[in-house]
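Top to bottom, those sequences are chains A and B. Here the first sequence is numbered in numbering that gives the first Met the number 0, starting from 0 and rising by one per residue. Here the second sequence is numbered in numbering that gives the first Met the number 0, starting from 0 and rising by one per residue.
None of these hints come from the bench; they were simulated from the model. All values derive from a computational prediction rather than experimental measurement.
Covered stretches of chain B (chain A as the covering partner; in silico rule of three or more C-beta atoms under 8 angstroms from a C-beta of chain A):
{"no.": "1", "region": "127 to 135"}
{"no.": "2", "region": "200 to 207"}
If you only want the chain A side, here are some residues facing chain B, beta carbon under 7 angstroms, derived:
{"no.": "3", "residue": "132"}
{"no.": "4", "residue": "133"}
{"no.": "5", "residue": "196"}
{"no.": "6", "residue": "198"}
{"no.": "7", "residue": "201"}
{"no.": "8", "residue": "231"}
{"no.": "9", "residue": "235"}
{"no.": "10", "residue": "239"}
{"no.": "11", "residue": "266"}
Heads up, the beta-carbon is just placed ideally off N, CA and C, and yes, glycines get one too.
There are 2 protein chains.
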Amino acid sequence: MSAERLLVLAEGYSGDTHYGKTLRGVLRYRRADVVVILDSERTGETIDGVPIVGDIESALPYGPTTALVGVATQGGRFPPAWRALLTTCIGHGLDIENGLHEFLVDDPELGPLAERSGVTLRDLRRPPAGLDCPTGENLRVPASIVLTVGSDCAIGKMTVSLELDREARSRGLRSVFVPTGQTGIAIAGWGLAVDAVVSDFIAGAAERLVVEGHARGGELLLVEGQGAITHPAYSGVTLGLLHGSAPHVLVLCHRAGVTEVDGYPGQPLLPLPELVELYERVSLPARKAQVACVALNTVDLEDDEARAAVARAEVETGLPAGDPVRFGAAALLDAVLGRLS
Amino acid sequence: MSAERLLVLAEGYSGDTHYGKTLRGVLRYRRADVVVILDSERTGETIDGVPIVGDIESALPYGPTTALVGVATQGGRFPPAWRALLTTCIGHGLDIENGLHEFLVDDPELGPLAERSGVTLRDLRRPPAGLDCPTGENLRVPASIVLTVGSDCAIGKMTVSLELDREARSRGLRSVFVPTGQTGIAIAGWGLAVDAVVSDFIAGAAERLVVEGHARGGELLLVEGQGAITHPAYSGVTLGLLHGSAPHVLVLCHRAGVTEVDGYPGQPLLPLPELVELYERVSLPARKAQVACVALNTVDLEDDEARAAVARAEVETGLPAGDPVRFGAAALLDAVLGRLS
Chain A
0 MSAERLLVLA EGYSGDTHYG KTLRGVLRYR RADVVVILDS ERTGETIDGV
50 PIVGDIESAL PYGPTTALVG VATQGGRFPP AWRALLTTCI GHGLDIENGL
100 HEFLVDDPEL GPLAERSGVT LRDLRRPPAG LDCPTGENLR VPASIVLTVG
150 SDCAIGKMTV SLELDREARS RGLRSVFVPT GQTGIAIAGW GLAVDAVVSD
200 FIAGAAERLV VEGHARGGEL LLVEGQGAIT HPAYSGVTLG LLHGSAPHVL
250 VLCHRAGVTE VDGYPGQPLL PLPELVELYE RVSLPARKAQ VACVALNTVD
300 LEDDEARAAV ARAEVETGLP AGDPVRFGAA ALLDAVLGRL S
Chain B
0 MSAERLLVLA EGYSGDTHYG KTLRGVLRYR RADVVVILDS ERTGETIDGV
50 PIVGDIESAL PYGPTTALVG VATQGGRFPP AWRALLTTCI GHGLDIENGL
100 HEFLVDDPEL GPLAERSGVT LRDLRRPPAG LDCPTGENLR VPASIVLTVG
150 SDCAIGKMTV SLELDREARS RGLRSVFVPT GQTGIAIAGW GLAVDAVVSD
200 FIAGAAERLV VEGHARGGEL LLVEGQGAIT HPAYSGVTLG LLHGSAPHVL
250 VLCHRAGVTE VDGYPGQPLL PLPELVELYE RVSLPARKAQ VACVALNTVD
300 LEDDEARAAV ARAEVETGLP AGDPVRFGAA ALLDAVLGRL S
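Throw the hints in and build the complete structure from the sequences for me.
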């Protein structure tokens, strides 16, 4: 995918850590491919040195080849205003990468328009054909499987998996990041969005992913987690992924200080120790998983507060804790490898 | 749906309790509408007084108006031989009701053929348009919500919900059975197959079902459960349904004597006491659910063995237990109402 030069469409959300998480993910892990960002609310600013423009025309001078939908909307649908944006991109000959639940290829206007314009529409969440239930092959994959789990959505499970993978490869381990969502797929260039498959086949899709991760040379598979075990909307995806990917070890992710489900006011998160026990207990009886460590997202905190939050998490859970983005992933990977050996 | 006269297609599975569960369900709860069954392996026999024939032509004299696909195949796909059966049915002007994941309406041959023949294809599992995440309305539905949960698939969760609903209505309660799967939909004539929706929307679909159940006059909603919390294939559906339907009370269903997941040899079921605790602990923190009683499926046992199994379940769990089909649903409903009051 390195030939691509990305225009990231983040209209209204370039500063948002939840709905803008696809933008943030590609900026952190595909930075070299991002040439310009669109968000008319922040025209003239930059993010990580990438210029922000207010309309497609102003983006063209940067020579983008592909427009990436850089937002994740509630329910995965397109706000009406976006149709105009996408139509303009296609009109200017830009390919589109889209991670929402609405598939552009199926769109009665955009699909034919893209065909006439000779541009490619890639719906990152479109499930492959022939999905089915797990066969049990997930338990026979000759690799160590590590899944990130969490207290909520959009708190950094993908980031933790990517940081652990980078640290593992820097140590010469045959590690592979296994993408399970649209942003991970946009970053890695392969994968399967388990939240978009027919719900009977979540676990079957997850099994397929660990089998492919091993086929891609992975002896250590770092599987991107999804949702949370008591999330009011997405828990089904979380549990199907947990059982289908059949991890040996779990890494519990949490955004320091948060006590309520994002987007569901009044609905509490479970305390970290309860989450550790619950994830271990609901794991597949034929492949009991253990939580090796806690990965905290401390982006909202100062350094000293972050260190204090990490120390508190270690006391609460009795497990090693850290923020791999802020303090590095070495200690967390040590904890993971310790549980695997 | 009472105008329908059903030919139930159960080729090869009319005697099977797992894959033939749709046949068994309609025979128990829509008996009056079933006029003939097709299973060439049992031609000339009867089930509950309904004749079994070996081919479509032999079924026509019984005057069926609709052919119901009476099997649930692994993965929900059609065995090739079935295409011929369905083509013949359509050729003879029979409407088709299909609960598999493969939708007949989309079939390049069967769809157009049905149109030409003027017959209706009803894909019971086809999700409605506009599904999304839960809004929180599930927690505001002014009804008592009871969900059946279980140790495995195809052990009788739907049957238990239907028996509890029948018992409740016989007591004059405003009770409504809420169908969440193809057989329940075939029986009740409404509902939504939560295992067929995009996995991000399982909980949203379940919320929609309890809202509709109340709109249909239900003050007591008996929601058909799906799968099992540690099922290797279907646990995601189970948990999304648990969180989206937001039950106050759970009824734990188990097939007496079974210790392994059906279809997954070597994968153990959790013991009943562990299942009770696990289902309560993974329920929505904003709506903690309690298991009120244990419903045992004792179909494989003699009367005295069945009573012993019920007694054992009561000792193991400390909860009232019973087999509502064999011994009636009164005691189980008493336990449910006791937890609700």
